[in-house]
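K.L.:
We have chain A already, so just place chain B on it with the hints.
Protein chains: 2
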Amino acid sequence: MSRIEIRLSGLGGQGIILAAYILGKAAALHDHKHATMTQNYGPESRGGACSGQVILSDAPVSYPHLTQPNIVVAMSQEALAKYSGDLVDGGLLLIDEDMVQLDRAPRGRVFAIPATRIAEKELGRKMVANIVMLGFLAALDQSVSADALRLAVRESVPKGTEDFNIQAFERGYVYGESRIEKEKESV
Amino acid sequence: MSRIEIRLSGLGGQGIILAAYILGKAAALHDHKHATMTQNYGPESRGGACSGQVILSDAPVSYPHLTQPNIVVAMSQEALAKYSGDLVDGGLLLIDEDMVQLDRAPRGRVFAIPATRIAEKELGRKMVANIVMLGFLAALDQSVSADALRLAVRESVPKGTEDFNIQAFERGYVYGESRIEKEKESV
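From first to last, the protein sequence lines are chains A and B. Counted from 1, the first sequence has number 116 at position 116 by our numbering; the numbering is strictly sequential. Counted from 1, the second sequence has number 227 at position 40 by our numbering; the numbering is strictly sequential.
Do not rely on the hints blindly, as some may be mistaken.
Said to hold, decoys possible - BS3-like cross-link-like pairs, simulated, lysine-lysine; straight-line CA separation at most 27 Å:
| hint | chain 1 | residue 1 | chain 2 | residue 2 |
| --- | --- | --- | --- | --- |
| 1 | A | Lys159 | B | Lys313 |
| 2 | A | Lys126 | A | Lys82 |
| 3 | B | Lys369 | B | Lys346 |
| 4 | A | Lys126 | B | Lys346 |
| 5 | B | Lys308 | B | Lys369 |
| 6 | B | Lys346 | B | Lys308 |
| 7 | B | Lys313 | B | Lys269 |
| 8 | A | Lys126 | A | Lys159 |
| 9 | B | Lys346 | A | Lys159 |
Simulated from the structure, these hints should not be mistaken for lab results.
For reference, chain A alone in the conformation it holds in the complex:
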């Protein structure tokens, strides 16, 4: 890895920025890489699409502006439209399948998870959909190690909710692993 650019996007209130913060923290504190996280405010902060950009590198990040993401996570339709167009060819596009309909052939490899549904129906709290999605990402891409992410999740969520959030993470992780199995079988 020299430089990996990851964009998390969705609706304000889905915990997108927290997820981006955790991703950067996991890489920097526990995987000992260099990382920056940039969040944009703007009209999107008033309820529309929002995004957090994380840049990971083996060397200090002197240019924290995302140029072309290797990975895009989209948790809402508007976020997909606004933030996935510049995905690198062959990159990874992760979507919440209940929140997002693909309306054209994607540029990258797509993996879908009903993260919000899992959070709401299986875990009982919609607000951990972001952490379910982080677990899903950890299974599908190893730019940041799953163990680093587990530590960063524990450190970053409100006190008393650590175990619950880890449960959400593991649920997404297992779901991601099952997607990989399916893909192998279908080859």
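P.N.:
Positioned in the frame of chain A, the structure of chain B alone reads:
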């Protein structure tokens, strides 16, 4: 204002990133400007100096990398050494006077406040030193309005601590106003 770059810096644990987040949020949501906030992780995340960069603009911020800050806030000695060297000539340097000794002539105009001491001795909680410093900044520079900051503070701090944090903000604000008065008198 076309573009204003503000760097908040200090020790990990001082709430620097939260303060930077609040500053960007205030500008974007309540002053209706465009804003980005970038945080670096790295060795500094493991206890040393940390910084959050906020860029404010009347137009969308296409280049979120801080080039030369107009304002630097330093809440620790290491942060001053590491993050204040590129302050624009005539810029604003705000320091916590108990945490930072100026060891050379500064490039900008310096204003000092014992933010940590005020938080600890007067308000009883050291952890609001970051909000005291935001109030101080609001009095000395109007790039982000004080009212926008008050709203963003309320929205961003843990539930139940809103009034206390606003009290911290006002304490810093009044202190900043008194500094301006003193400067006028000495002219």
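K.L.:
Are the hints correct? Go through all of them and say.
P.N.:
Going through the hints against the structure:
1. A:Lys159 <-> B:Lys313: Roughly 20 Å between the alpha carbons, so the hint for lysine 159 of chain A and lysine 313 of chain B holds.
2. A:Lys126 <-> A:Lys82: The hint holds at about 23 Å.
3. B:Lys369 <-> B:Lys346: 36 Å, violated
4. A:Lys126 <-> B:Lys346: With Cα atoms ~20 Å apart, lysine 126 of chain A and lysine 346 of chain B stay inside 27 Å; holds.
5. B:Lys308 <-> B:Lys369: 23 Å, holds
6. B:Lys346 <-> B:Lys308: Holds - the C-alpha atoms of lysine 308 of chain B and lysine 346 of chain B are around 23 Å apart, at most 27 Å.
7. B:Lys313 <-> B:Lys269: With Cα atoms ~23 Å apart, lysine 313 of chain B and lysine 269 of chain B stay inside 27 Å; holds.
8. A:Lys126 <-> A:Lys159: Distance of about 18 Å is within 27 Å: holds.
9. B:Lys346 <-> A:Lys159: 14 Å, holds
This entry does not satisfy hint 3, going by the numbered hints stated previously; all others are met.
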